[in-house]
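Please model the entire structure based on the sequences and the hints provided.
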Amino acid sequence: MKDPRASKFKQVNHSVTKIDALQLALGKDSYVGDLAPKDALIVKMLWSPHAHARIVSLDVTAAEKMPGVKAVLWHGNVPRNVHCTAGQGFPEPSPYDTFMFDNKVRFVGDRVAAVAAETEEQAVAALAAIKVKYEVLKPVFTLDEAMAPGAPVIHDEPEAHVPIPIVYEPKKNLVAHVNCEAGSFEGGMKAADFTFDETYETPYAQHCPIEPYTSMAQIASSGRIIITTSTQVPFHCRRIVARTLGVPVQKIRVIKPRIGGGFGCKQEILLEDVVAMFAVRTGRPCLWRLDREETFRTGRTRHPFRIRLRTGVKKDGTITAIALECINNTGAYGGHGLTVVSCSGGKTLPLYHCENILFDGKSYYTNLPVGGAYRGFGATQAFFAIESLMDHMAEAIGMDPVKFRQLNHIRPGEGSPIFAALGEGREGTPMTVGSNSLAECIVQGAEAAGWKNRADWRGKTGRYRRGLGMCCLMQGSSIPDIDMGAASIKINEDGSFNLLVGATDLGTGSDTVLAQIAAEELETTTDKMIVYSSDTDMTPFDVGAYASSTTYLSGEAVRKAAADAKRQILATGAEMLGLKPEDVHCEDAHVLNEDGSKKVSYSDIANYSLYQKNQYQIIGTASHITKKSPPPFAAHYAEVEVDTLTGFVKVLNYVSTIDCGTAINPTLCEGQTEGGTLNGISYALTEQYLFENGKMMNASFADYHIYSMRDRPPVKAILVPSYEETGPFGAKSVSEICINGPAPAIGNAIYNATGARLNEFPFTPDKVLAAIRAVKK
Amino acid sequence: MKAATNSVSFTLNGEKKTFATSPDEKLLDLLRREGYRGTKYGCGQGTCGACTVIMDGRAVYACLLYAMQAEGRKVRTIESAGTFEKPNEFQKELIDAGAVQCGYCIPGIVMSATALMETEKDFSDEIAREYMDGNLCRCTGYEKIWIALRRTLDRKAAADAKPAAEKTTKRSSSKGAK
Chain A
1 MKDPRASKFK QVNHSVTKID ALQLALGKDS YVGDLAPKDA LIVKMLWSPH
51 AHARIVSLDV TAAEKMPGVK AVLWHGNVPR NVHCTAGQGF PEPSPYDTFM
101 FDNKVRFVGD RVAAVAAETE EQAVAALAAI KVKYEVLKPV FTLDEAMAPG
151 APVIHDEPEA HVPIPIVYEP KKNLVAHVNC EAGSFEGGMK AADFTFDETY
201 ETPYAQHCPI EPYTSMAQIA SSGRIIITTS TQVPFHCRRI VARTLGVPVQ
251 KIRVIKPRIG GGFGCKQEIL LEDVVAMFAV RTGRPCLWRL DREETFRTGR
301 TRHPFRIRLR TGVKKDGTIT AIALECINNT GAYGGHGLTV VSCSGGKTLP
351 LYHCENILFD GKSYYTNLPV GGAYRGFGAT QAFFAIESLM DHMAEAIGMD
401 PVKFRQLNHI RPGEGSPIFA ALGEGREGTP MTVGSNSLAE CIVQGAEAAG
451 WKNRADWRGK TGRYRRGLGM CCLMQGSSIP DIDMGAASIK INEDGSFNLL
501 VGATDLGTGS DTVLAQIAAE ELETTTDKMI VYSSDTDMTP FDVGAYASST
551 TYLSGEAVRK AAADAKRQIL ATGAEMLGLK PEDVHCEDAH VLNEDGSKKV
601 SYSDIANYSL YQKNQYQIIG TASHITKKSP PPFAAHYAEV EVDTLTGFVK
651 VLNYVSTIDC GTAINPTLCE GQTEGGTLNG ISYALTEQYL FENGKMMNAS
701 FADYHIYSMR DRPPVKAILV PSYEETGPFG AKSVSEICIN GPAPAIGNAI
751 YNATGARLNE FPFTPDKVLA AIRAVKK
Chain B
778 MKAATNSVSF TLNGEKKTFA TSPDEKLLDL LRREGYRGTK YGCGQGTCGA
828 CTVIMDGRAV YACLLYAMQA EGRKVRTIES AGTFEKPNEF QKELIDAGAV
878 QCGYCIPGIV MSATALMETE KDFSDEIARE YMDGNLCRCT GYEKIWIALR
928 RTLDRKAAAD AKPAAEKTTK RSSSKGAK
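Those protein sequences? They're chains A and B, same order as listed.
Our numbering puts the first residue of the first sequence at 1, with every later residue one more than the last.
Our numbering puts the first residue of the second sequence at 778, with every later residue one more than the last.
To be clear, the hints were calculated from the coordinates, so they are not data collected in a lab.
All values reported here derive from a predicted model rather than from experimental measurement.
Where a beta carbon is used, it is the ideal one built from N, C-alpha and C, also for glycine.
Do not rely on the hints blindly, as some may be mistaken.
Covered by chain A, per the in silico footprint, the following chain B stretches (three or more residues, Cβ under 8 Å) [to be verified]:
id : segment
1  : 816-828
2  : 831-845
3  : 872-886
Encoded structure:
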């Protein structure tokens with residue numbers, strides 16, 4: 001049911017100033033690197049120069065004697081505990097195929113040995129003194145090589161396994177395989193007037209938060225290991241480091257300070273085990289920060305996909321059959337391999353009506369950089385294929401692409417067999433869509449983008465040709481039946497509250513959003529909230545910042561905790577006023593009777609309950625899980641200008657509409673949408689990994705170009721509200737969906753400008769030019 | 778910390794300072810180890826702008842300069858730009874516009890904008906973009922940073938356009954009030 005307060009929200013649905021903005025704008029100590037003690041040892045890693053090799057011998061004796069060196073770690077002197085670096089729920093739907101150090105290296109940038117020394121120079125010098133002898137093995141660089149019979153086995157270690165019963169065949173380099181069918185795909189194809197069979201490729205890309213991966217570990221006076229780290233998943237980090245080191249969870253505390261961006265790459269435990277091991281070995285604080293080149297080579301990436309998409313459509317626009325077959329390259333380790341490929345179907349196929357759907361998803365190991373979680377998480381890759389083909393299908397039946405989507409998209413109250421069929425490592429959760437303002441998103445976006453003036457490409461001439469393209473999108477909000485978030489909230493003497501949440505603000509503003517939710521429920525103001533998040537010793541549990549879960553899931557936990565505290569405030573307030581709890585209510589940080597003639601402030605209630613009579617701590621606590629993952633929806637429109645002489649594509653205008661339910665903080669929702677969209681535009685047009693023998697060769701912002709202030713086209717974010725009844729005050733997610741749109745929308749715009757259809761991106765001039773030259777009018 | 782075999786003297790945020798350093802130490806590393814940690818490491822390659830400081834009026838990448846190149850110069854860091862009680866005009870606009878997401882790039886962005894405002898008379902979009910192009914942000918898509926910058930520049934341009942006499946009066950009167 002819609003909350004009766006919805007028409008007069010006082011805290012949520014307002015653009016409250018982000019609570020940490022001033023501290024960050026002033027440059028105050030906030031991030032891991034700012035908090036390291038002066039005497040911290042500096043950690044440096046020796047990385048594998050080979051894509052696939054066995055370490056025949058490794059000699060660290062000279063390195064250990066170098067000046068300033070306090071410890072060296074390698075596979076001969078650390079515990080060999082197989083684990084998974086992906087920060088997911090437990091047991092993870094990902095293979096345990098990783099060791100702190102191994103005697104085999106599986107990509108250029110794999111760990112070989114690490115040094116902790118007094119200075120960075122000393123650590124680097126010691127790395128050069130480590131003697132390694134490799135037996136170079138035949139590498140696997142493509143999906144075809146990985147799938148070939150008799151292919152080199154990348155994970156031949158006996159320990160490799162998946163902790164849940166899912167398909168995993170490392171001897172065939174197969175990381176995961178999921179499939180499902182609803183109705184009959186073959187039958188659907190027979191009923192079609194037109195059928196299509198296209199193959200798409202999506203590229204490697206990296207998250208590029210400006211703060212690289214950074215972690216620090218110290219040994220507390222109690223002997224416990226304190227890890228301060230740039231992570232999206234502090235609780236998973238604690239569990240995974242405990243497993244990797246072979247120590248109890250109890251011995252570890254993980255603190256997440258402010259984070260300089262993540263976008264999914266920090267949903268991975270990449271540095272923490274090593275700094276913790278060094279801290280244990282040396283007793284000293286140990287700091288490890290990857291440099292940018294290391295971040296590109298060894299950090300997580302977006303999984304490249306090969307997608308075969310077959311569809312059937314009738315002349316009237318009915319989609320009769322869809323077969324989406326995705327194969328992803330997980331690189332050298334398999335974390336997220338299953339879930340990313342599952343989401344490529346689960347977060348896309350419900351968008352359009354179709355009774356006959358086939359989905360098949362596979363993930364394979366290669367000796368290339370490792371895929372991880374990246375904003376959009378599989379949906380980004382699959383939507384490129386689906387939304388490109390939607391355009392193609394619309395043209396074949398002579399229907400406007402907008403109208404074709406309007407005819408077919410999912411409506412409020414409707415379900416999809418895909419929701420039940422595809423989960424994350426198990427069957428999904430059946431559900432129907434509640435809130436959905438996609439219809440309005442399409443209309444408002446078309447208006448803002450000037451869709452009605454769009455002309456067919458065949459009439460366009462001249463060197464510079466303009467085109468307009470669009471796409472529709474969905475995502476999810478948390479993982480149903482798996483994710484859990486928790487919160488507690490207690491009152492202080494002045495009527496302020498400590499809000500403690502496990503949820504992880506990685507720069508998104510979730511601390512602010514959660515404070516607004518608590519303040520709304522408690523009938524006070526957001527500035528009364530002291531938010532402390534993501535400290536495994538201090539805050540309740542939360543799975544962390546991924547799967548678009550924080551506002552929807554952790555937000556509802558906060559709302560429930562605040563409601564719990566409010567019940568106690570009402571009871572104490574009533575006691576102070578000599579009234580029954582049912583005869584009072586909360587308003588403007590007071591408890592009062594119906595006509596307001598008797599009232600008492602939260603501050604007085606706190607003082608009474610803490611010091612004066614029947615004392616107790618007013619403290620609310622709650623956890624939340626969900627049976628639903630309500631999709632946010634979006635319609636994107638791109639206007640481009642293509643230089644037909646050079647193939648250069650310039651985005652002139654971009655409209656990014658979004659239905660995120662109630663926008664808890666509209667400015668922050670716009671910020672998510674604008675930022676994710678520009679990241680998507682940059683991904684569509686310029687970002688790529690260039691390899692030589694498996695080594696990423698463009699490991700700098702000079703050579704891996706991400707959009708700057710001068711590159712940026714105008715991006716207009718339009719929030720189109722709906723009300724999600726299962727979310728806190730009507731909210732669902734906002735952060736991931738927007739990155740999915742630019743590749744298909746720009747691809748469709750290039751087609752509308754030139755008649756060239758590109759089934760792979762980035763749309764670099766060489767590709768665009770070749771495609772234009774292949775166009776036959 | 779490096780072996781302190783040399784020293785470097787320069788004016789840092791208005792104060793004359795001498796620091797021990799070594800010939801291969803970068804200015805960014807010296808600043809951070811001396812407590813000026815608002816200047817961030819983002820790439821170490823002079824490509825992201827998170828380490829932007831102002832040296833003799835110009836925005837420079839502290840990750841590319843050796844500390845000794847600061848000898849005798851005037852260096853300003855984000856610590857000179859504002860305080861909790863009194864953030865500068867651009868910092869206020871950034872906060873109001875919602876331009877601070879993860880915030881890691883913001884100190885560098887503030888310093889580049891400062892150089893722009895102190896150097897140029899013409900605050901056209903083209904010149905503003907030129908100054909800000911070296912500061913990468915992955916969170917915001919630059920939309921709200923641009924809004925904040927435009928507001929700050931437009932207000933400064935309007936103030937600069939006022940007759941000199943009026944400004945002098947204003948300044949002296951505010952002095953008088955103190």
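These are the hints, each one checked on the structure:
Given as covered by chain A, the segment 816-828 of chain B passes the check, having 10 residues with a CB less than 8 Å from a CB of that chain where 3 are the minimum. Counting residues of the segment 831-845 of chain B whose beta-carbon sits less than 8 Å from any beta-carbon of chain A gives 0, not enough to reach three: the coverage restraint is violated. Note: the segment 872-886 of chain B has 13 residues with beta-carbon separation from chain A under 8 Å; the three-residue rule is met and the coverage holds.
Hint compliance for this structure: hint 2 alone is broken.
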